[in-house]
Every structure is written in structure tokens, then in C-alpha cells.
Amino acid sequence: MKNFREVAAGKKSLKKDYVAVMMWFMGRAIQAAAAVDMAAKKEFAGMPDGFTFALSVMPNGPHMIIGKDQRGFVRYKGWDPDGNKIDLDMKIKNIEAALLLFTFQESTTLATARNRLVVDGDVAHACAVMRILDIVEVYLLPKIIAKLAVKRYSGWSFRRKYLGRVLVYVRSIFSF
Amino acid sequence: MYLPERYEFFCPVKINSGNRALEHVPFELDALNARKPLVVAGKDVGERGLVGVIIDAFKDSGLAIGVYDGVPSAPDLKLIRELFNIYRDRGHDALIAIGGGSAADTAKVLNIAVSGKPEDIEGCAGENLIKKPLKPLIIVPTTAGTGYEVSKYAFFAGRDYASHFLMPNLAVIDPRMTIPEDAVTTAAAALFALTHAAEAYTCPGKNPLADAYAYTAIQLIMANLVNVIGDQRDKNGRLSLANAHAMAGCAFSNVALGVAHKLGKVMGDLCHLPQGLCMGMLLPRVLEREMSEGGYHIADLLLPLAGFDTYASTAADMKARRAVEIIHDLLKDLSAANGGAISRIWKDIQVSEDTLQDIAQRAGVNEASFDIDGCAKILREAREGR
Amino acid sequence: MDMPAYYEFCCRVKIISGHDVLERIPATLAELTARRPMIVTDKGVVGAGLINIVVNAIGNGVDIGAIADDVPPDSDLRIVNSLARLYREKGCDSLLAIGGGSVMDTAKGINIIVSEEADDLMRFSGANALKRALRPLIAIPTTAGTGSEVTLVAVIKDHEKHLKMAFISNFLLPNACVVDSRMTLTLPPAATAATGMDALSHAVEAYTCLAKNPLSDAHALAATRLISENLLKVTLNPGDKEGRLCMASAATLAGIAFGNSMVGMVHTLGHSVGSVCGVPHGACMAILLPYGLEYNMHKNGHLTAELLFPMAGAPVYAATPKEERAQTVIALIRRMNQELYEATGGRHARFFKEALDRDGREMVPKERLPDIAETALRDGSISYNPEDLDYDDFLMVMEAAWEGRPLDTGLIRKG
Chain A
1 MKNFREVAAG
11 KKSLKKDYVA
21 VMMWFMGRAI
31 QAAAAVDMAA
41 KKEFAGMPDG
51 FTFALSVMPN
61 GPHMIIGKDQ
71 RGFVRYKGWD
81 PDGNKIDLDM
91 KIKNIEAALL
101 LFTFQESTTL
111 ATARNRLVVD
121 GDVAHACAVM
131 RILDIVEVYL
141 LPKIIAKLAV
151 KRYSGWSFRR
161 KYLGRVLVYV
171 RSIFSF
Chain B
177 MYLPERYEFF
187 CPVKINSGNR
197 ALEHVPFELD
207 ALNARKPLVV
217 AGKDVGERGL
227 VGVIIDAFKD
237 SGLAIGVYDG
247 VPSAPDLKLI
257 RELFNIYRDR
267 GHDALIAIGG
277 GSAADTAKVL
287 NIAVSGKPED
297 IEGCAGENLI
307 KKPLKPLIIV
317 PTTAGTGYEV
327 SKYAFFAGRD
337 YASHFLMPNL
347 AVIDPRMTIP
357 EDAVTTAAAA
367 LFALTHAAEA
377 YTCPGKNPLA
387 DAYAYTAIQL
397 IMANLVNVIG
407 DQRDKNGRLS
417 LANAHAMAGC
427 AFSNVALGVA
437 HKLGKVMGDL
447 CHLPQGLCMG
457 MLLPRVLERE
467 MSEGGYHIAD
477 LLLPLAGFDT
487 YASTAADMKA
497 RRAVEIIHDL
507 LKDLSAANGG
517 AISRIWKDIQ
527 VSEDTLQDIA
537 QRAGVNEASF
547 DIDGCAKILR
557 EAREGR
Chain C
563 MDMPAYYEFC
573 CRVKIISGHD
583 VLERIPATLA
593 ELTARRPMIV
603 TDKGVVGAGL
613 INIVVNAIGN
623 GVDIGAIADD
633 VPPDSDLRIV
643 NSLARLYREK
653 GCDSLLAIGG
663 GSVMDTAKGI
673 NIIVSEEADD
683 LMRFSGANAL
693 KRALRPLIAI
703 PTTAGTGSEV
713 TLVAVIKDHE
723 KHLKMAFISN
733 FLLPNACVVD
743 SRMTLTLPPA
753 ATAATGMDAL
763 SHAVEAYTCL
773 AKNPLSDAHA
783 LAATRLISEN
793 LLKVTLNPGD
803 KEGRLCMASA
813 ATLAGIAFGN
823 SMVGMVHTLG
833 HSVGSVCGVP
843 HGACMAILLP
853 YGLEYNMHKN
863 GHLTAELLFP
873 MAGAPVYAAT
883 PKEERAQTVI
893 ALIRRMNQEL
903 YEATGGRHAR
913 FFKEALDRDG
923 REMVPKERLP
933 DIAETALRDG
943 SISYNPEDLD
953 YDDFLMVMEA
963 AWEGRPLDTG
973 LIRKG
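Residue numbers (our numbering), protein chains in the order written: chain A, 1 to 176; chain B, 177 to 562; chain C, 563 to 977.
I should point out that these hints are in silico values taken from the structure, not numbers from a laboratory. Please read these numbers as outputs of a predicted model, since none were measured by experiment. Be careful, since some hints might not be right.
Here are the computed distance ranges between Cβ atoms for each label pair [what the hints assert, rightly or not]: (1) A:K143 to C:T971: 21 to 29 Å; (2) A:A9 to C:E679: 30 to 38 Å; (3) B:Q526 to C:A880: 41 to 49 Å.
C-beta atoms are modelled at their ideal positions from N, C-alpha and C, and glycine is treated no differently.
Pulled out of the complex, with its shape left as it was, chain A reads as follows (with noise of 0.2 Å):
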């Protein structure tokens, strides 16, 4: 039939990798804040030993999966679903969306009230989840664009700040 065509599923591969690293970068600074931010620590303290979490993009990655082990030591688990036993899953909806959560034009409190992102598990641990991602976040990020990227950009201590924000960052980097 004239003017039909159908066209086959393809790939957003520069867009995908792009989130992949941040992803690595979050999973791998998420580890490090469990080990120097008292808040942190305390999230974590909440959640069972054993216990894995994931935020991923729908439908088929990139995901960061992070888990608690029986000895309630966090660790970043990488990319890989399979072999992990998934207790909450917070997925984003498409690439794009993710895409606008890395690139910070939108927070993960915005995306949230955008029903960008969709929580697959109990949603006390999830909260708990984004507490830990505000407080990477404010790490991680430059003042000006963590107060975009947070509710409230809290009135942390120097040391806490700064010490903290190096802290994360050699860790992130050096992985221990």
C-alpha cells in the first residue's frame, strides 16, 4: 500500500550511554555517602540487610542497582539485573525522561509529580531512597544546580559539605 511503511524498533544509543554513566557515577557515590553521611548511614540503617534496590529506565536499562549485604555493608551492584534479586525497583518511564533527570532539568521530586518515574516495591524503602538521592545529589552537584535539584537546599555544616563532598568524590572515583 502506498504511503505505509512500518518501521522497526531502534536505538537511542549516545542518549543511553550517557545516562549508563551517570548511572555508574550515582551507583558508585551512593556507596561512598553510606559510608561518611551520618543521614545516610541512617536510611540505610532502615532498610534489611540483604536488601537491593534499583532505579532503572524503562523498558530495558540502563539500571543501577545497589544493595545492602548480610552484613549491612552498601554496596553499588552495577548494572546488570539478572542474578540480582530486585526488592524495590524505582523505573523511569523512557529514556528521554531520564535523559531530563541527568541532564538536571528536572528533579527527581519534579519527575515524580510528572509521573515520570513509577516505584515497583514497598514505599517506605522508597522514600527512604529519595532522601539518599537528595543527599548524593546535594554532594555531588554545584550549589546552583542542587538547589534546583532538591526541595531544600539544607543548611548543611562546612565540614559536612565539604569534607563530605570530597569524601564522596574520592571514594566515587577510587571505589572503596
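Given chain A, put chains B and C in place with the hints provided.
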């Protein structure tokens, strides 16, 4: 606040509107348990690059789609048969129509066929003759959309259809699709929607749920129409208008059709004018006449037309009059805008007394204050610009 | 008017409203090709004689397969499972849910199990885990408050595993909701006041929180207006049929508004007071609503100000200077609580200290406030609140709401 003794309301349409709205379509299709949509669009839509936007939105979704972008302005049953075969043979399970007009009508009627068999198209023509939900249908309005595309109505190859099952499951309003149009097209579409919303908001069968859609539609049109006509680069304005049109479509699917709609539709068809321009011109005159018959909801119309402050500062007995004046003012502003393009159309309307009687007769309005003579009088007033 | 950069809005439920619309149930079932519904309800509804009204209105044309009339206020997975078994045993093919939030959630849970032929309900938790239409479900609200007859969410607890799971899907929306004034005519004054304030809190938070959009706004405004005009009236005069229908419609409108725009800290704290101390949801909403508006004032005061129009009417709105409107709205809500307190002979609590249970015991002992603040950190509705709250902020708000004094604005940490 007015509340009817009894009412029913049904609007199956989900609205997704704004930045990257189209990229959410795969997720929505999944929620509707569909994975291979057939996109139906008019020739012009393809030529203006809008089909490309949809195709791009489906990248990374893992879904293959079918695209047909050749719907002519007057499609026939042969097209439905061809599209039916494609839909069936290639395993499609949902429809996406881009733009209003014939593409949306084609998709709605095609949906009757693919949800049953092609012969159903004849049996389902008429009022409420579709008995069960159809396949998922998504409408992606463009600026030229009037809201008719999301309504329960369809018109195809000389047949009229009306059923809530024809309404789409989803209307996706994306700024990339609400591209600039010329002033006449923009105004005609908005006045078409304004007429529906205003008539839904003031009709005797109104209810608070249809009102919510109508109220929002009127507000958005009043806040944006004149700006958009003056400056087509007003992207947010165009998005707002497209939203308003879709909402008006939802509202008027839940009330009886109004007098300005009926007269304007026939007038547009007989005089070869955009229906929306005819309806808009008739709207304030129809309201005036209803007002003189004691239609008290017209005072309430001032609220969405002018906002809290003007409504609150206008004396109770002046509210209805003020509402009608505001619509007259809007028409004046539109006439003046864009070098008077719209005003020239209105001035050039050559409607003979015979045609006028013909319109009044054919419109099938049958209400106490709107007999054929009453309708003819309104048409005459509108023609003479009174 | 602001158009959000992105929003979604949907309410697919057919709404049938009026003084005598229960009689439309057989035709509505027939449209859905259902023949043998199971009625799901609770003891309160039965005790008020409402089941008889519904059964009589349905008449002989419909074969009622089963009546499950003991859904507790705090329903859970165990009850959902046992009622699903009953549904199957009796060969039912549809559900009529008559009641408030707990009944609606339970009916939605049953519907998932019987439609999906599932053993494990929790497999369908989260968003969009359901892929096809469920059995026909008709909702008949009896409280003029919760709005859950028009929301696509069901929250079901697993008391054994201490989990609270949310189920979100368009397929959870009832096919139709039948809003009949007879269903709320016998609601006692205190419950009328509390559920009415629940509906008001839905409308007000939907209008003032982060996920608002033009369509939910219009629903919220209409609901606010109907409630402001009718709540005190029906509390004083329970037999006022017109007023009851207005309140029932308002609850549905408010339900659609918050179902699409969500709610904020008033609900966050309200859920927590409910789960820690067992205070009825509506009572919590009534007490907390002014505090939520006060706390968020620096972020959304302009929106609160607009609510003066539907709350007080055009003349008061016009006569109040712009900068005083938001404060006037808060004062009006407090005055509503005071008037409802008087109209119910003191049964409508104005602050938590005076919330008493049936035996006259204090329901919210002051020493529980820290627990409440802690619990609030685990409630999802906080995402939609304009300003952030941590443990200290929740506690600060709760202390004020416990004593019944306005918030000390100096203590609000502004972001």
C-alpha cells in the same frame, strides 16, 4: 453552587500533555496491553515532518510500529478495507491518529472494523450503537485539532457516528506536534472548542464533571488565543490551546449539542466556511437570546471567561451581560489581529435570505426559544454584524 | 494560569449521581455483561441499614451471589484472600463495593485475585503490573470523603510481613461509581464532619501541591465550593438530601482531583497519626489541614489565596486584600473546625489533644508524637509537598497541632 438532581458522566480519555509526552506512549501502550500500534496520519502531517517525531519517540521502546500517512481529506471505505488488512496481516493491536479531521475520523471508524469486522461500520453508524469497548486508540492532536477528534463523534463517508466507545483512551499533547498554523486555522479551531465548552457550561443538562473540563478549556482559550494569533511563536500558548480543545471535546461529549454548534456546523458546510468561525460568530448571539429567556448559567460563564477578580467585582445582575460582552470583545480582537484576515472572512460572508432559512431549517434545532424563525434571526444578526 | 511543563490526567470511571440512582445498578451491570455480583461491605454499612436500601433498589432482576459484610477498617491481605475464595465458591462474576476506603481497597484486591486467577496478590503490586481489564466493579461510596471510588490506587497491607504495598493501574478503577444521596443520609454528625473535611483536604492539597494541573484544579475548585457551602449545613441537619448530594459529589470531585494531583504533608502526617494512634483519617485531616497550608505558605501562598474564592464566595473574596487572602483561608478552615466542633457537641476534635476514643480516653498521648514523626518519614505523599520536612519538622508541626496553636512561622526552615 448549582448541582443537578441527577447526572451521568463518562470520559475514558487520559490526557498526557507537555514536554516529551510522546516518549511516554510506549509505556501507556503497555498499560493498555498493546505493543504494535498502527499510526494513521494525513498527507500534510507526513509532509510537515510530524511523523518523524513519532517514529523518533518510539526509538529505544523496543516496539515496531506501522505508519500510514496518506489519509486524504475525504477518505472512503476502500481506505478502511486496506488499512484493515494491514492491521490484521501485520499483527497490529492499537491505533494512533495524528491530527484532527479526516485522520482521526478514519482511525475511529477503522477501530470499529478492527475490533469486530469491517461490516460493523455500517451497523454502528448512528447514536450509541457500539456495544463494547474497542481496541486502544491514541490521538495526537495538532494545532489544527478542534477537540472533535477526542470527542465521542465521528463522521466518515457520509455517515455520522456517536458513541463513548469512539473516544480515545489517550490524548497526547506534545509541543513538537502543536506547530504553528495560520491565523484563520488557529482561530477556527479555538472558536470551535470555545463554543463547545461555553455551551456545555451553560446548557440545562450541565453537571459538575463536564463543567470542570469546560471551565478549564474556556480559561485556557481566553488566556492564550489572542496571543497565539498575534505571535505564532508562543509555544506554550499553542500547547495550552491544544489542551483546551481536547478538554472541550471531553465536555461536549457529555452534554447535548448546543444551538451555536448546530447552526454553525450547517452554516459552515453550506457556505464553505470553517465551522469554527461560524460557531464563534453565532455564540454570543445565541447566549444573548438564551439570556433573555432567563438562562441563568450564563452569569456563571463569566468566571472561566474573566477569572475570580472580574467575576467578584461585577454586580450579580450584570454578570451574564458582561460574559457575552467578553466573547464579543474576543471576536473583535481576533478580527483585528493578523492584518484583519479573519475579519475579511466574516465581512465577505454572503448568505442570502434563502440560504439563511435553509440553515435554520437543516440545523434541526428544536427548542422553545429557538424555532426556525428564532434561528434565522440569529443568523441574520450575525451576518449583519450586530 | 500556569500550564505545567508536563502533566497527566485521567478518570475513566463512569459517574452516576443523584437522589435515586441506585436503581441504575442493574442496567449498569447489564452493560458490563455481569449477572452475579458479590457485595463487599462492612459492619457499619450493614448496621446503618444501607445494604437493604441497595438490595431493594437492585430488585429481583439481579442475582446477588454473596454478601461479604465484615471488612474491617484496617483490611489486609488475609481478608482479601478469604473473600476471593468466597467469590469463587459462590460463582460470582462481578463486585459491588459499598463503603469507604477500606472496603474499596479490599474489593480492588479481591478483583485482582479473581480476575488474574492468582494465588499471590503481591505479585501484582507496583505500577502497571496488571495487563488487562478485571471483572466489573461498581463502587457505591457511603462516606462522602475518601474518594477512593475514583482512584486507580489500592493500598493493601500484609500484617504478617509488616508490608504496605501500593497497587497502581488503570484497571483498578471501578467501571462505574454510583453516588446516591441515600447512602450518606444516616451518617452521624461527627462522621459527616470528619469525612467532609477529608474531602476538603483532598481538594485543597490537590490545588496547592506539586503535581497540580489545570484539570485537577477545576475539580478541586468545584469540590471546595460545594463543601464550603454544604458541610456545616448537613452536619447540623443530617436529613438535608440536597446538601448530602452536594457533599457526595464534592467527595467524588475531590477524589478525582487528588487521584491525579496527589496530596502533601497533611496526608503524610495524617496517615501516620492514623497508623500510630488509630485516629480516624478524616479527623486527622481536619486538624492538620490548616497546618499544612501554614507550613507551605512561603512556597504556595498564592495558590492558597485563590482558594478564598470557592471557600467564601465572590463578595468576601473581592473585599479581602490580596495579601490577606491566604491567611483568611487558613482562618476560615479553623473556623469551620470550630463550627463543626460546636455542631457535633464537641465530638469533632479541633486539635489532637482533644481527640478521644469511644471510652473518652485520649487517643494521641503526647509521648507518641516522636513515633508519629518517625512514621511520617515512610509515607510516599511527602514527595508532592512543596516544602521538605525531616523528622524535626514533622515533630514541630505535630506539637502545634497537638496543642491547637498556630505554627510558629519562625520555626519553618525555608528551602
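How the hints compare with the structure:
no.: 1; hint: A:K143 to C:T971: 21 to 29 Å; result: holds, 25 Å
no.: 2; hint: A:A9 to C:E679: 30 to 38 Å; result: holds, 32 Å
no.: 3; hint: B:Q526 to C:A880: 41 to 49 Å; result: holds, 47 Å
Checked against the numbered hints above, the structure breaks none of them.
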